[in-house]
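Asks: Full structure from sequences and hints, please.
In order, the protein sequences belong to chains A and B. Take our numbering: the last position of the first sequence gets the number 194, and nothing is skipped along the way. Take our numbering: the last position of the second sequence gets the number 590, and nothing is skipped along the way.
No lab work stands behind these hints: they were computed from the structure. Every value quoted in this text rests on a predicted model; they were computed, and no experiment measured them. Built from N, CA and C at the ideal position, the CB exists for glycine as well. Where hints are given, some of them may not hold.
Selected chain A positions facing chain B (in silico; Cβ < 7 angstroms) [claimed, not checked]:
(1) Thr-68
(2) Ala-90
(3) Leu-92
(4) Ile-112
(5) Arg-113
(6) Gly-114
(7) Val-115
(8) Ser-118
(9) Val-154
(10) Phe-155
(11) Asn-156
(12) Arg-167
Derived CB-CB ranges, DEER-like [unchecked claim]:
(13) B:Asn-458 x A:Ile-50: 26 to 34 angstroms
(14) B:Tyr-368 x A:Arg-167: 13 to 21 angstroms
(15) B:Thr-541 x A:Lys-141: 18 to 26 angstroms
(16) A:Pro-164 x B:Leu-560: 48 to 56 angstroms
(17) A:Arg-51 x B:Phe-585: 24 to 32 angstroms
(18) A:Thr-45 x B:Asn-507: 53 to 61 angstroms
(19) B:Leu-560 x A:Glu-33: 39 to 47 angstroms
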Amino acid sequence: MKEKAAILEALIFASEVPLTRDRIAEILSDTEKKEIETLLEELTHQYEIRGGGICLTEVAGGYQFRTRQDLAPWIRKLKAARSAMLSPAALETLAVVAYRQPLVKAEIDRIRGVDASGALKGLLDKKLVRIVGRKDVPGKPIIYGTTKKFLEVFNLKDLSELPTLRELKDLQGNDGEQQDQGYEGRTPAEDPL
Amino acid sequence: MSYEIKLDIFEGPLDLLLYLIRKNEIDIYNIPIALITEQYLEYLDIMRSLNLDLAGEYLVLAATLIHIKSRLLLPPVEGDEEGEEGEDPRNELVRQLLEYQAFKEAALNLEGRPLLDRDVFTRGARAEELAAQEPEEEVMIEVGVFELVQAFRVIVSNLDHSEDMAIDTEKMSLTDRINEIMERLSEKKELTFTELLGERNDRKRVVYTFLAILELMKLRMIRAYQLGPFGVIRLFLAVEG
Chain A
2 MKEKAAILEA LIFASEVPLT RDRIAEILSD TEKKEIETLL EELTHQYEIR
52 GGGICLTEVA GGYQFRTRQD LAPWIRKLKA ARSAMLSPAA LETLAVVAYR
102 QPLVKAEIDR IRGVDASGAL KGLLDKKLVR IVGRKDVPGK PIIYGTTKKF
152 LEVFNLKDLS ELPTLRELKD LQGNDGEQQD QGYEGRTPAE DPL
Chain B
350 MSYEIKLDIF EGPLDLLLYL IRKNEIDIYN IPIALITEQY LEYLDIMRSL
400 NLDLAGEYLV LAATLIHIKS RLLLPPVEGD EEGEEGEDPR NELVRQLLEY
450 QAFKEAALNL EGRPLLDRDV FTRGARAEEL AAQEPEEEVM IEVGVFELVQ
500 AFRVIVSNLD HSEDMAIDTE KMSLTDRINE IMERLSEKKE LTFTELLGER
550 NDRKRVVYTF LAILELMKLR MIRAYQLGPF GVIRLFLAVE G
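Replies: Shown next as structure tokens:
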């Protein structure tokens with residue numbers, strides 16, 4: 002292994018959070034960004050062909066070592082089963098926030114047809130959703146968006162990795178205007194972080 | 350018909366409607382409103398008889414369904430001023446249903462991903478610990494009067510009540526306080542409410558400071574921001590210089 006690849010491996014291993022390209026470039030200041038990119042690719046590939054229990058995963062805009070998915074039952078034994086899953090209501094709310102952010106609660110309520118206060122509070126507590134700001138309309142409603150932790154928990158590189166929502170079929174007798182502000186062909190907004 | 354299903358599996362009225370559409374193998378673009386309305390209302394009856402807390406949203410959708418049904422029965426009015434002629438009264442509901450369905454799928458999709466601490470794990474440290482170490486992702490939120498009043502109440506409740514008896518020799522006017530705040534802000538750019546009060550936290554001073562801040566906010570001379578809900582309130586000059 003090249004010395005630089007070894008350093009990179011050590012950096013990612015020692016980092017508590019997904020190590021971003023920017024941070025790597027800061028530390029390996031004499032290395033070109035392009036070379037870092039190649040090193041990252043090579044390292045990821047090495048872990049793939051090795052077929053071990055650890056994968057080098059690109060997540061939340063950085064790199065992190067994560068265990069192989071199919072080994073989860075073993076790790077769960079080790080961790081004494083403590084994986085609190087989100088309720089369907091929380092997941093739905095999270096999906097709406099993830100795809101439509103930044104947005105206010107009224108929009109979430111409208112899409113889901115129910116009051117989202119409870120689900121939203123749970124997501125805020127879990128730090129999957131955060132307050133982005135306030136909308137400049139009467140009442141100054143709070144604007145919500147997803148967090149970096151959301152990307153980490155859901156194993157996403159960035160928001161663009163979310164699959165596109167199923168497209169709306171054209172409705173007969175509809176002038177189409179309303180659909181334009183819908184999600185037809187829409188990809189999630191760039192991560193506002 | 351049997352209703353041997355758990356009612357709490359529904360995430361809301363739209364979810365119940367989608368369930369009925371699937372159960373009856375109905376084309377979502379051509380919903381037989383009469384049939385669906387009837388079944389929907391039956392479900393509401395069951396929920397009520399089970400003493401389930403029937404959220405108002407369920408009733409709103411029931412009303413919508415009945416409204417659509419009535420509109421379908423009426424012949425289209427010629428030259429309808431609302432410009433709705435020609436449009437199927439069901440369209441709005443269908444759009445809502447499709448939108449909701451798309452997000453329901455997206456939610457399932459999210460759940461199917463390799464989740465941290467469920468399917469994939471990182472070295473040692475638990476996610477919670479990581480979150481605690483991460484710098485808080487916070488932005489400044491502009492503060493309204495409500496938050497200020499909250500801060501005021503906290504400070505007043507922390508006042509030393511024995512002070513109430515002291516004879517106050519310091520003369521204070523609102524104008525003086527306003528000028529003082531503006532002066533200090535132009536020096537320091539940023540001050541918290543507590544910093545503004547200084548050490549002498551007697552009631553009169555707190556009240557005057559609070560009134561001065563409110564006045565300055567009203568005049569848009571200063572702005573108040575906080576870092577997230579319940580964060581420290583910081584005051585800034587509205588205009589630099």
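Asks: All hints are to be evaluated individually against the structure, with a verdict given for each.
Replies: Evaluated hints:
1. Thr-68: 5 angstroms, holds
2. Ala-90: 5 angstroms, holds
3. Leu-92: 4 angstroms, holds
4. Ile-112: Nearest chain B Cβ about 6 angstroms off; hint holds.
5. Arg-113: 6 angstroms, holds
6. Gly-114: At about 4 angstroms, which falls below the 7 angstroms cut-off, the nearest Cβ of chain B leaves the hint on Gly-114 of chain A intact, so it holds.
7. Val-115: 4 angstroms, holds
8. Ser-118: Since the shortest Cβ distance to chain B is 12 angstroms, the answer is violated.
9. Val-154: Status holds, d = 5 angstroms.
10. Phe-155: 5 angstroms, holds
11. Asn-156: With Cβ-Cβ at 5 angstroms, under 7 angstroms, it holds.
12. Arg-167: 5 angstroms, holds
13. B:Asn-458 x A:Ile-50: 26 to 34 angstroms: 29 angstroms, holds
14. B:Tyr-368 x A:Arg-167: 13 to 21 angstroms: 18 angstroms, holds
15. B:Thr-541 x A:Lys-141: 18 to 26 angstroms: 21 angstroms, holds
16. A:Pro-164 x B:Leu-560: 48 to 56 angstroms: The hinted range 48 to 56 angstroms holds for Pro-164 of chain A and Leu-560 of chain B, with Cβ atoms some 55 angstroms apart.
17. A:Arg-51 x B:Phe-585: 24 to 32 angstroms: At 54 angstroms between Cβs, range violated.
18. A:Thr-45 x B:Asn-507: 53 to 61 angstroms: Between Thr-45 of chain A and Asn-507 of chain B, where Cβ atoms are some 55 angstroms apart, the hint holds.
19. B:Leu-560 x A:Glu-33: 39 to 47 angstroms: 60 angstroms, violated
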